[in-house]
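Trainee: Chains as they are written, first to last, in our numbering: chain A, 1 to 315; chain B, 1 to 780; chain C, 1 to 130.
Among the hints, a few may not be true.
Said to hold, decoys possible - Calculated pairs, BS3-like style, for lysine-lysine (alpha carbon to alpha carbon, straight line, at most 27 Å):
{"no.": "1", "chain 1": "B", "residue 1": "K141", "chain 2": "B", "residue 2": "K20"}
{"no.": "2", "chain 1": "C", "residue 1": "K42", "chain 2": "B", "residue 2": "K298"}
{"no.": "3", "chain 1": "C", "residue 1": "K42", "chain 2": "C", "residue 2": "K103"}
{"no.": "4", "chain 1": "B", "residue 1": "K193", "chain 2": "B", "residue 2": "K298"}
{"no.": "5", "chain 1": "B", "residue 1": "K670", "chain 2": "A", "residue 2": "K113"}
{"no.": "6", "chain 1": "B", "residue 1": "K193", "chain 2": "C", "residue 2": "K103"}
{"no.": "7", "chain 1": "A", "residue 1": "K84", "chain 2": "A", "residue 2": "K28"}
{"no.": "8", "chain 1": "C", "residue 1": "K42", "chain 2": "B", "residue 2": "K141"}
{"no.": "9", "chain 1": "B", "residue 1": "K746", "chain 2": "B", "residue 2": "K650"}
{"no.": "10", "chain 1": "A", "residue 1": "K113", "chain 2": "A", "residue 2": "K65"}
{"no.": "11", "chain 1": "C", "residue 1": "K103", "chain 2": "B", "residue 2": "K298"}
{"no.": "12", "chain 1": "A", "residue 1": "K91", "chain 2": "A", "residue 2": "K38"}
Unchecked claim - Here's a subset of chain C near chain B, in silico, CB distances under 8 Å, partners left out:
{"no.": "13", "residue": "P69"}
{"no.": "14", "residue": "A72"}
{"no.": "15", "residue": "L74"}
{"no.": "16", "residue": "N127"}
No wet-lab data here; the hints were simulated from the structure. Just so it is clear, CB atoms sit at the ideal spot from N, CA and C, and this is done for glycine as well.
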Amino acid sequence: MLLPLLALFALPAAIFAAKESTHDSLVKLAAQSGGIIKLNAQTYDLLTSPTRDWSASIQFTALDKRRRCSPCREFDPAWTAVAKAWSTVPKETRDNHFFATLDFDDGTTVFQKLGLQSAPVVLIFHPSEGSRRSANAQTPTTYDFSSGFDAEPLAEQLSSFTPIPIPYRAPVNWALWGTVGTLALVFGLTIRFLAPIFRSRWTWAALTTIISLVMTSGYMFTRIRGTPMTAADGSWIAPGFQNQYGQETTVVASIYGLLSASFLMLTLVAPLQSGSPNRQRTQIYLWSGVIMLLFSVLVSLFRVKNRGYPFKLIL
Amino acid sequence: MPRAYPLPTDLSPATVTNTKSLVRIVAFALISGAAIASRLFAVINFESIIHEFDPWFNYRATRVLASKGFYEFWNWFDPTAWYPLGRVVGGTIYPGLMATSGVIYNFLQAIHIPVDIRNICVMLAPGFSALTAWSTYMFTKEMKDESAGLLAAAFIGIVPGYISRSVAGSYDNEAIAIFLLMFTFFLWIKALKQGSALFGTLAAVFYFYMVAAWGGYAFITNMIPLHALALLLMGRFTNRLYVAYSSWYAIGTLASMQVPFVGFQPVRTSEHMGALGVFGLLQIVAFVQLVRSHVSSKQFNNLLFALAVGAGVVGTVAIVGLTYMGWIAPWTGRFYSLWDTGYAKKYIPIIASVSEHQPTAWPSFFMDLHFLIFLFPAGVVLCFRELRDEHIFVIIYALVGSYFAGVMVRLMLTLTPVVCISAAIALSTVLDTYIDPSEPDLPVPEADETSGPSETTTDAPKKTKKDKTAPPPTSSGASVTELLSGMVVTPPSTSKKGAAKEKKTGIFGTDTRLAVILNAIGMLMFFVVHCTWVTSNAYSSPSVVLASHNADGLQLIDDFREAYYWLRQNTPETAVVMSWWDYGYQIAGMADRPTLVDNNTWNNTHIATVGKAMSSSEEVAYPILRKHDVDYVLVIFGGLIGYSGDDINKFLWMVRIAQGVWPDEIQEPKYFTPSGDYRVDEQASPAMRNSLMYKMSYYRFHELFGGGQATDRVRNQVMPKTGPTLDYLEEAFTSENWIVRIYQVKKEDPLGRDLKTANAFDQGKKRKRTRPPVRRRSAA
Amino acid sequence: MAGPKATAPVKGTSSSTSSSSSPSAVQTLWKAYLDHTAPRLKFIDSFLTFLVLSGVLQFVYCVLVTSFPFNAFLSGFASTVGQFVLTASLRSQVNSENRTLFKDVSPERAFADFVIGSVVLHFFVFNFLG
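Here chain A stands alone, though its shape is the one from the complex (with noise of 0.2 Å):
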């Protein structure tokens, strides 16, 4: 009669051993691989199985070369390096999340149940039980893309899902340093002969010239937008009329250039002929043609992106 009753209490004891050894197991799948779990189809359920007390983010990936799936390998590295940095917390809070990496060669069936199509996918899963525990713990949340694949955003954003804050540090970019450095340097035991450069007014309006030209072309939108230098075709006018290329930059910065220096010329070279008048003539025409020509190109490049403009020079 006692034996049945004491089979019953070891009962919840099994329960409780065989819940433990779930998150042992898992524990001991994240230490062996360095901090992240790689799954598989019956680790990745083990994972997130629905009564958890512990969050999990996961990444789909296809890293196999076959797949050519090179955002994956971009993003990677950044992944590794969050995940590392979860790895140094201190035991008793990092076991209450984990990081794992699903290879879609590893787990194809888990990539059809999730409907996944494209990867890299980062999903991130929510307790459902235990101090931690969240309202979605059934839908998992997605990382969204949308500052790229850099591990300090990542690492920001996840850390509003894990128990305390991913303590990421960014490398320091020794080459960086390393080439100002060097820099300075030069710079430092040059400086005697390089002065008189820097103390002419010339070097300064060569300077500023191009940095206004270089700006008013147009160069911070290629640089911020990130747009290419040509398009794919090799077409290199953007369509429409807040887009351009590089390639547009440097054509519109040397026709602005030229123009410019044409005016220059007729105002302060073209005087300075006075040794020969037919010389002098020659050059004025020369440049007032050079003014017509550039600027009908120019406004032709113009009309090219705005359709609606109506006027045209000689071009």
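Starting from the known structure of chain A, fit chains B and C onto it as the hints suggest.
Mentor: Just chains B and C, lined up with the frame of chain A:
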């Protein structure tokens, strides 16, 4: 000396001066007329109304000022904006614009010319543009001479870059701010040139006016110290610089703190620390100069130099340290995003979403500035030739202006004045060289002749007229040389080392002169035609009223006003309207109803709440709507007529902003299809299809097509056969072209059901029984 | 803040430095100053010293005691700084050694500028005192 063309020889200097003045005044009158006239396209085509969004708030504030007086306006708390939070208007605006209109209004009332406040507000910008032209003239006159000044005034009068923000009806801060900018800069240059504390004080007073008028005053706050610092670094410190800068800074900073919106910022934020630092540096340098004049001991000199440098370093460290400790606020997001261009998109999506904050592509530069954009570098190089103190200012302005204009479309406006000035300097120099009639002597060894000075008595050609020059008389050679030597510009001889004292320079022949001058006139005429075309086509749309060109002529689309006036006349006065923040000011101005969020965008969480309501399903949104007492919801939908500025196109920004505050409830990827497209047809994701915004936009849309395919003309997608249904809202009003749709929020069901069930009941669906019916047995 | 920097220069001269020749250099400076400066300029200089002391006093009070009505502190401090600057400008403009620098500003005009500047400054100060 030989001349290319004959000149009248019997004019006295007095006649010449008088003619010059007369021609200048006439030119000014014409420039002002042109400036005002070219800004009136919108008024003539449509009517005299306030344009866009922000001006509606300024107009409302001005109405309060005009009707209730300055004290009420200063202490105005508006409970109908940002319901239920309200807005302390007196402390959160730049009152300069409203105060100006108020003063003009009261003045006109006092002299018994009653002009309606709306007309004053509409016509303020063109009036001040004439003043801007005048102040640009004064500024360029200090740089070069009057003829360059007139050219610059003509340019800035009609250039599209400035017109875009100052058409009649665009009642925004920039309308008076650009005038104040140019005038403050002119006063600063004048103070610097003369070393006068009077001009420094005047510069400070107008700086105060500018601070009261526009948030872009930080540009002046950093340009003038930058100029002073550049002069210091170039070794051009003089007592004049000290007098001008110190008087401007001391009075100007104190004055700028009088504006409540600015408050203590000038001593607490990083944007103003540059001015403070330069102020301190100037004190040190001035003191060192003073002491040095008394003592000649070299050791003491070195010591003092070390002391000065040490004090400078201590000061810098103090400022940086205070910034780190938090006593001095770091650069605010709006200005920081100009340096770190990726910052806004990541951290402050509201700033990144404004279309004016996008970077500028080159067609915008060309369209707004036309041929000035390539004369501009030439003008800057010519400034380098002269390199007086004031030219350094233009150079710095040019550099800083081009960078900022490249980063943000809106800042094209600050680049425009310096482009006009530089281009005027360049063109004026060209014209001076080629209009000057004196030819150099043909090369004869050891011949002495005067250099070919540039004449400064030319007036720039105005539009299609070309005025004859009035050169000084040749009656006495001495007076000619005296007159000319005063105005001589001898760049070649000063910039080349070891060259001959007087070089023979000049242009031979009339044909060359004609070629260049005709070319210049042609370009100027093209400029005028271009500016007029751009103004009438691109920048004269009130954006409250739209115009479309059909086969049968011009069709006016007045949906906005139709809807706002429906609201005004058919809803109770305290009805709260929820819409996206773009339309808040217009709703407040035209419909006169409380709004939840408006263009002030000061409370990100409140905006995110509205975004969440718009992007969630009805069940989730309804409690939010009821909690905020919302009676009406307003959406803009352009799918019927192809208006692409509608809310469905802005929807992703609503989602992003809401996601910033509730990342676990709203996720942007859910609104895309699994393949990552943004679709509204049958492939739309469930989150998209159930969102309040989608339902409100497409409710009953398919009924318009009478059974055929309903097409959204903006997204170019075919809508599903059955449209969305609404349980918690009901349609109250849809404007003629379906652009504005207003929905009324239903109150809770009086029987306590949830509204979905109540609706289903109304439609005749019975609730499924969960228990079998009780069978009654009749008593036998 | 502007306070220490604006006052440091004046105080700097009277503090001794580490160089061995500096005590005599300071004394030389002081003697040269007394001998070569016109009485008019010395009068202005005494006013400047007063302004500096007043500003330092206000700043010390703000740091040590309280900055509570911050606008009052700012307006008082700004009035000393502004007046100091205007007076220093007046001094440099009436200094006969600087005649060549200030071609457009005669000493009379300098004084008129000084008066206008001070009036405008104190108008703002009074408005801001609160």
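Trainee: Taking the numbered hints from earlier one at a time, note which ones the structure violates and give those numbers from smallest to largest.
Mentor: 4, 8, 11, 13 and 14
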